[in-house]
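K.L.:
Take a look at the letters that make up each chain.
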Amino acid sequence: MPIKTWELDPNFKNEIMSEAGGEHLASCFQCSTCTLGCPITEIIPSYNPRKIIQMSLLGMREEVLSNPDLWVCLICQTCTARCPQDVRIADVLGVLRRIAEREEEAGNLKIDSPRPLFDKAFQHQLKKFGRLYDMGLAMEYYPKKEGSFIKGMLAMMKDYKDFGKRMFLKGKMGPLGGGSPVKGMLASKIKQKDVMKKIFEELGEGGKEK
Amino acid sequence: MSVNKLAYYPGCPSEGTAMEQHMSTEAVFEKLGVELVEVEDWNCCGAAEVEDPKLLYALNARNLAIAEKEDLDIVTPCSICYYNLERSNKALKADEALRTQLKGIDSSLDYNGKIKTKHVLDVFVNDIGLDEISSKLEKKVNVKVAPYYGCYIGRPPETAFDDPDNPVLMDKLIELIGGEIVPFNYMKTVCCGGPLMMTRGDIAFDMARKILDVAKNAGADCISLACPLCGMMLDGKQADIEKALGVTIGLPVIYITQLLGLALGIEPNKLGLNKNAVDTKEILGKVV
Ligand code: SF4
Ligand code: SF4
Numbered sequence: 001m002p003i004k005t006w007e008l009d010p011n012f013k014n015e016i017m018s019e020a021g022g023e024h025l026a027s028c029f030q031c032s033t034c035t036l037g038c039p040i041t042e043i044i045p046s047y048n049p050r051k052i053i054q055m056s057l058l059g060m061r062e063e064v065l066s067n068p069d070l071w072v073c074l075i076c077q078t079c080t081a082r083c084p085q086d087v088r089i090a091d092v093l094g095v096l097r098r099i100a101e102r103e104e105e106a107g108n109l110k111i112d113s114p115r116p117l118f119d120k121a122f123q124h125q126l127k128k129f130g131r132l133y134d135m136g137l138a139m140e141y142y143p144k145k146e147g148s149f150i151k152g153m154l155a156m157m158k159d160y161k162d163f164g165k166r167m168f169l170k171g172k173m174g175p176l177g178g179g180s181p182v183k184g185m186l187a188s189k190i191k192q193k194d195v196m197k198k199i200f201e202e203l204g205e206g207g208k209e210k
Numbered sequence: 001m002s003v004n005k006l007a008y009y010p011g012c013p014s015e016g017t018a019m020e021q022h023m024s025t026e027a028v029f030e031k032l033g034v035e036l037v038e039v040e041d042w043n044c045c046g047a048a049e050v051e052d053p054k055l056l057y058a059l060n061a062r063n064l065a066i067a068e069k070e071d072l073d074i075v076t077p078c079s080i081c082y083y084n085l086e087r088s089n090k091a092l093k094a095d096e097a098l099r100t101q102l103k104g105i106d107s108s109l110d111y112n113g114k115i116k117t118k119h120v121l122d123v124f125v126n127d128i129g130l131d132e133i134s135s136k137l138e139k140k141v142n143v144k145v146a147p148y149y150g151c152y153i154g155r156p157p158e159t160a161f162d163d164p165d166n167p168v169l170m171d172k173l174i175e176l177i178g179g180e181i182v183p184f185n186y187m188k189t190v191c192c193g194g195p196l197m198m199t200r201g202d203i204a205f206d207m208a209r210k211i212l213d214v215a216k217n218a219g220a221d222c223i224s225l226a227c228p229l230c231g232m233m234l235d236g237k238q239a240d241i242e243k244a245l246g247v248t249i250g251l252p253v254i255y256i257t258q259l260l261g262l263a264l265g266i267e268p269n270k271l272g273l274n275k276n277a278v279d280t281k282e283i284l285g286k287v288v
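From first to last, the protein sequence lines are chains A and B.
Numbering (the numbering used here) for the first sequence: 1 to 210.
Numbering (the numbering used here) for the second sequence: 1 to 288.
Chain A extracted, bound-state conformation:
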């Protein structure tokens, strides 16, 4: 597909480079080391971090931000470790995900992946309890992902039926597991929950600094 030069956003690279993690974007010399070592490319041959970097440098803002591939990166850091130009691709992809999320919140983009929902549900547990509460995370994530409470519960049961039982039998989850009578069913809460609230209100999603 030819690039429509009139649709390019020459400022996109500066936008990325002004965010923490995106600073080294312009050092890329397109050697493709990142793509060749990427474990996702091995599974999805069209997945190409080099190309995402080049499209970003060219200013193909919309194509880059709406690319569903942004959401299958494992943040495994293989690309970053091998890049001869210290581009820190894993961090650059993180910056692109954050910009995409902001665009979605502003109503300019629809992200084609449940991952932002998962990350948000995870963060909500930390904001509330200070630690990860698996059950709370699942109860928030599945209904949002599936679009309704019932569908969400069914999907959750499917995923957790065997795994949950296994963890229960090992005393790691469920009403009698984990060394306390209700471990896993209740959240493990920290005492200074107020600090978590302050942190997220200042720096979290939609926080004062955002």
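Quick caveat, the hints were computed from the structure, so don't treat them as lab data.
Small disclaimer: the values here were computed from a predicted structure and weren't measured.
Note that beta-carbon positions come from the ideal geometry of N, C-alpha and C, so glycine has one too.
Treat the hints with care, as some may be off.
Here are a few chain B residues that face chain A, going by a calculated C-beta distance under 7 Å [claimed, not checked]:
#1 3
#2 48
#3 155
#4 156
#5 158
#6 195
#7 206
#8 275
With chain A held as given, fit chain B with the ligands onto it using these hints.
P.N.:
The following block gives chain B with the ligands in isolation, referenced to the frame of chain A:
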């Protein structure tokens, strides 16, 4: 030995899916004569789900500040917690304005950059040292092991403490306790797929299966590892992977702290070896 007391950051999975890693870490340090002081009222490090750097630094600043008050360096058995603690520590040490901003959010985030953050593998091999550990060994763990390192031990470069392509710290411990390393080099550092478990389970299963397959075909009795997310994928979900992909694997997956604990003569249940999802009895039979 250059270390006798450390702050201990267990991480969220220590309370559930990775209890055995937590139990074995505490037991091993006790046996090695290193006192662990749990970071009081610790909070989650943000795992892979908090991507915003400043938010992540704030979460970790609180834990770092608690350990700093005790004047202790922090050790954690979880590779992801380590990565988050270490990169936050680096960022906070280098940036006074950031420290001031975080302190402004709450006084509990007042961290002065005075402590170090470490992964257990680093502490075992580089701080306590193989000679010291060797002098305390009571048993030979006569098993063939595929040492699996995953992502955050050898990369990214700013926080890595082992070689990115061929990490060796776990290999050294396994050889020290009488184990044999099977040919596994090219799989040592390939991601387990864990970060995609909840959003692209198909990819995650595919990735974890590859690691299990290679280890099994190499003749391993077990995989050893040092990260609770890898543990959940390779051990906790192994039966789900077998079912979903129509394969039989049945390969025990054991935290390095558990293997080391066995060699130190610690009782298996104290190391949580009855908590691994894939049965570990065969491995226990090879401890002599
Ligand atoms: S490895 Fe680095 S320099 Fe090479 S294409 Fe990827 S980002 Fe660019
Ligand atoms: S961090 Fe993402 S892009 Fe880089 S190698 Fe891993 S999966 Fe591929």
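K.L.:
Against the structure, test the hints numbered earlier, and report the numbers of the ones violated in rising order.
P.N.:
The structure conflicts with hints 1 and 5, although it agrees with all the remaining ones.
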